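2 protein chains.
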Amino acid sequence: MLDDAPSFTPTKRSKVKRNHLRGAYDQETVFAILDSAPLCHIGYVIDGQSYVTPTLVWRDGDRLYWHGSSASRMLRTVREAVPVCVTAAHFDGWVLARSAFHHSANYRSVMAFGRAEQVQDAEEKEAALKLMMEQIWPGRWDALRPMTAQELKATMVGSMRIEEASAKIRNGPPVDDDDDYALDIWAGVLPIETGLADPVPDPKLREGVAQPAGVTQPNRGPR
Amino acid sequence: MLDDAPSFTPTKRSKVKRNHLRGAYDQETVFAILDSAPLCHIGYVIDGQSYVTPTLVWRDGDRLYWHGSSASRMLRTVREAVPVCVTAAHFDGWVLARSAFHHSANYRSVMAFGRAEQVQDAEEKEAALKLMMEQIWPGRWDALRPMTAQELKATMVGSMRIEEASAKIRNGPPVDDDDDYALDIWAGVLPIETGLADPVPDPKLREGVAQPAGVTQPNRGPR
Chain A
44 MLDDAPSFTP
54 TKRSKVKRNH
64 LRGAYDQETV
74 FAILDSAPLC
84 HIGYVIDGQS
94 YVTPTLVWRD
104 GDRLYWHGSS
114 ASRMLRTVRE
124 AVPVCVTAAH
134 FDGWVLARSA
144 FHHSANYRSV
154 MAFGRAEQVQ
164 DAEEKEAALK
174 LMMEQIWPGR
184 WDALRPMTAQ
194 ELKATMVGSM
204 RIEEASAKIR
214 NGPPVDDDDD
224 YALDIWAGVL
234 PIETGLADPV
244 PDPKLREGVA
254 QPAGVTQPNR
264 GPR
Chain B
44 MLDDAPSFTP
54 TKRSKVKRNH
64 LRGAYDQETV
74 FAILDSAPLC
84 HIGYVIDGQS
94 YVTPTLVWRD
104 GDRLYWHGSS
114 ASRMLRTVRE
124 AVPVCVTAAH
134 FDGWVLARSA
144 FHHSANYRSV
154 MAFGRAEQVQ
164 DAEEKEAALK
174 LMMEQIWPGR
184 WDALRPMTAQ
194 ELKATMVGSM
204 RIEEASAKIR
214 NGPPVDDDDD
224 YALDIWAGVL
234 PIETGLADPV
244 PDPKLREGVA
254 QPAGVTQPNR
264 GPR
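Protein sequences appear in the order of chains A and B.
Just so we're aligned, residue 44 is where the first sequence starts under my numbering, counting upward by one.
Just so we're aligned, residue 44 is where the second sequence starts under my numbering, counting upward by one.
Don't take every hint at face value.
Which copy? The list can't say, so a pair holds if one copy fits it or any two copies do.
What the hints assert, rightly or not - Here are the simulated lysine-lysine pairs, DSS-like style, with alpha carbons at most 30 Å apart: (1) 196 <-> 55; (2) 196 <-> 211; (3) 247 <-> 211; (4) 173 <-> 196; (5) 55 <-> 247; (6) 173 <-> 55; (7) 196 <-> 247.
Hints were generated in silico from the structure; no laboratory data involved.
Values in this document were obtained by computation on a predicted structure and should not be read as measured data.
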């Protein structure tokens, strides 16, 4: 990264404490990890109890969005400027070392902090929902049966400006103690790969409806 | 599930509010989702701020374990009976419907609640770490360079008895509004699959060290 590239400033809240070499705060790294993880985990607090809800998260600039039913506990809670943490994580591989202690995982993760807001304005809400869809399947939104006013009302959209964020990355082979490299123990990495299997058309699909070209290659998540 | 099968009792904290058909509280379902998700997300609170840390989680009966460096913020925080939430989630597929509103995801998730404890006793700590390894690669622990007292000291092990847990599952085709099935819009599922690529031996592997038979087929995570 360039020294003057946009970057989040780490504070006590977001500074990566362990293994500093794995920490990154530049927007390019943080955004790349978020964008490739449609399923994130949102953490929030009710009466001192922590809740972690897995949900679809999308990004527009330095703002994250999520959505769901108006009946959702998570969405009802995280709408009043409550502090939240949005975490994205990719599990990229098992790392097998020559000692138990140096076993590890290859991963890319982001913790993003901010205050939740609820998107109230109907137009802004619809724009955010369209953005979510367009980021995954460009053009699909306009090909669908249009959203009704009732559906828009039944959908809550949450949002958060990223105030702080940190990325943490581990990759590469195991790192063993110097003396241990002489041991006759297998060490290496088992890479984990995520991809799409063949599409399963809806059993109720109308005869003759062709699969649109882009549908099997969503722009987010695995391809 | 059998009516008398072991089950968690849902309360306000863990009851699945949306789409009750997708909620499950029986131990068999909850444990199966946890056991197949080595990477979980742990939620905890510091000064009213929520933190969500992705980390390896393993299970022994109704008890969950995690570990890390003694320098870890998460591990230093969640050791004094603080309420935590451990969430496991599998993203199994994109669900494309004929309206934006009915687009969805296939997934399996668990939210487990309890109070964190720190495993202090050295023997108990080592037993928990051995269990973690044995669950992934049976037999590997004894083949490794033994753990030193210093390594054991530098490792913190956290634990939580599952007080409550709920599972949430969605699978199958899209569910559209009755009228929409007549539309000429493609609908279906894009299944997401996770698996292991070919192992990458450590470049510093001693010549002649064979890859143990079980290593490419860990008992947790993808195979």
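Open item on the list: Please list, smallest to largest, the hint numbers that this structure does not respect.
Closed with: Hint check: 5 and 6 fail, others pass.
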